[in-house]
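J.: Kindly produce the complete structure, drawing on both the sequences and the hints.
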Amino acid sequence: MNLKVVKNLSFALFFLYFFLVSIKLLEKGIKTLGAEYTDQLFESVSNPFAGLLVGILCTVLVQSSSVTTSTIVGLVGSGVLSLEYAIPMVMGANIGTTVTNTLVSFGHVRREGEFKRAFAASTMHDFFNVFVVIILFPLDHITGFITRMAENGTEFIIASGFTATKPNSPIKAAIKWGSNNILDGLSSIPFINNLSENSYRIYAVLLIVIAIGLIFLCLKNVVSNMKSLMMNQIEIGLDRALARGGGLFAILIGILITFSVQSSSITTSILVPIVGSGILSIQNAFPITLGANIGTTITAVLASFVVDNTAGLTIALHHVFFNTIGVMIVYPVKFIRNLPVNLAVTFSNVVAKRRYIAILYVLVTFLLLPLLGVVISN
Amino acid sequence: MSSESLDSIDAKLSEMLTNSMRIYDLAMNCLLGDTNLDSVRDDLYSTDKKINELHRDVRREMIIHSAVNSRSLNIPLLLSYMTMSKDIERIGDYCKNLFEIAETGNTFTQGDELDNYIELRNDIGKLIVYLQSCLNLDDESKVQDLITLGSSLSTSLDDKITALLENKEKVQYPVATTLLYRYLKRIVSHIVNASTALIMPTDKIDYLDE
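Going line by line, the protein sequences match chains A and B.
Residue 214 in the working numbering sits at position 214 of the first sequence, with consecutive numbering throughout.
Residue 175 in the working numbering sits at position 175 of the second sequence, with consecutive numbering throughout.
Just so you know, not all the hints are guaranteed correct.
Pairwise CB distance ranges, derived in the manner of DEER restraints [stated by the list, open to error]:
| id | chain 1 | residue 1 | chain 2 | residue 2 | range |
| --- | --- | --- | --- | --- | --- |
| 1 | B | Leu73 | A | Val209 | 31 to 39 Å |
| 2 | B | Lys96 | A | Ile357 | 42 to 50 Å |
| 3 | A | Gly113 | B | Asn52 | 16 to 24 Å |
| 4 | B | Asp138 | A | Val209 | 49 to 57 Å |
Far from chain A, by Cβ distances over 12 Å, these chain B residues were calculated [stated by the list, open to error]:
| id | residue |
| --- | --- |
| 5 | Asp43 |
| 6 | Ser66 |
| 7 | Ser151 |
| 8 | Thr155 |
| 9 | Asp159 |
To give an idea of the chain A side of the interface with chain B (calculated C-beta under 10 Å), a few residues [to be verified]:
| id | residue |
| --- | --- |
| 10 | Glu155 |
| 11 | Ile158 |
| 12 | Ser224 |
| 13 | Lys227 |
| 14 | Ile234 |
| 15 | Ser269 |
| 16 | Ile270 |
| 17 | Val272 |
| 18 | Ile274 |
| 19 | Ser277 |
| 20 | Leu280 |
| 21 | Asn284 |
Hints are computed from structural coordinates only; laboratory data are not their basis.
Since the model is a prediction, treat every value here as computed from it, not as a measurement.
Think of the CB as a built atom: it goes at the ideal place given N, C-alpha and C, for glycine as much as any other residue.
T.: Below, the structure is given as structure tokens:
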């Protein structure tokens, strides 16, 4: 093991630890804020459609679905956000995360053919996620079948005695130790100490802001260190996926790459220039994207191990089941599988001729529509 | 930057050169020996195809490498790989041209010049092997020696072509001999160009004289 590997691995573990600590801090901040205030705060997402749009907006703003879903896990784990409200937000995070690779495709804007392919490679992820939300969002809202699967999964994991889910698990103890030390450190600052005694709500908001900032910072560093660590494996994996030409193997590669770097945006953004250059067809890139959608759910599962409330694990499992079922609906039947791909190709043919549409698309789909939707639904 | 993928590109370039040496030997043996052309034709064309496939592999690996390492990319290195792989691929093409001379019935198995042709064949063959040995060595002086050797060989081939064009030299097949020297000169030039990619700044690759 060379020095670079040791350095990257140490940093990744260090930031992963503080990522989990920041989830705990978020939980603490939310609890300090008090139920009265948090109820008011989350009233705006009591409408599932608004929740979906908030999920999109938040993810677009932080450019990471993992940050959004981990925060949601923290909120659900602290008991202030119910599963019912959190589910549409997680679905929204799925859609919002695709903006990153759409922005990456803009790097190919100078050459029409290349841009056409790159833009199609990025928007097929958008179409897939919207497609799955259109099918599963109302279905789960009415029947609650994915929610039940997630609840059963939670019960099963707890009953199986999986250490991380136990209240006195070593992971929880280690995280609690870290968060308590940070809280003690913060309290030793006179200004904050004064706040925590007199203006506890300001203190709680400060804690929430610090926690969300830490979640963002730590995840960013986990991703960059894991990416450095896994570069060779990513290249080998993609090369093999290219040689095999898609299929289930490509889904597996997508899962493994995303699982190892903790970011679906990294996987899908890598695909964009490869498809843009023409060495990987959009049809063969699609299963890798689907794999990335499954692989990205691991971050929320990790976050759920540190929250007190088991509903945190349930929302994380809901994310896993939702994304996996989405792939199972779309991938096996060729006609359905081709729908998001063909829509993306058709759309990119139009956009390649009038490139300003690409900018309008991003602004309208990922910012204006969600903002307008939130305003109207409230 | 991930070094394993770059090692893989180095290995592919080396494999391209191994195949280039093979196709060169096959073509030159047809011109200077009594090799049965039919017996080597398939081997020669399949070797060229292998070189082309390796060339495409190098390009594909470079794209994947660029996509994965977008933030820590050594662009000059990748551009040098691009130009090197192209130069090596061209060696195979000129060897096919040499074989086509043999196919027209113009061979150089007899005559006073045979020893010179054989010496020329060996010198150029050594350059290909030399270039291959330079790939994995971080030795600028060795590459510089290769460029000097290649340039001097290239000049002597130019002189031979000029002598033939000015009718100063009498040979059995003037057209075929001119083409032979011309193709060998192109092979040497591509070896020299590939060598310049190893040590020269990106903007000066291929422009040794300027």
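J.: Provide an ascending list of the numbers of those earlier hints which the structure does not satisfy.
T.: 6, 10, 11 and 21
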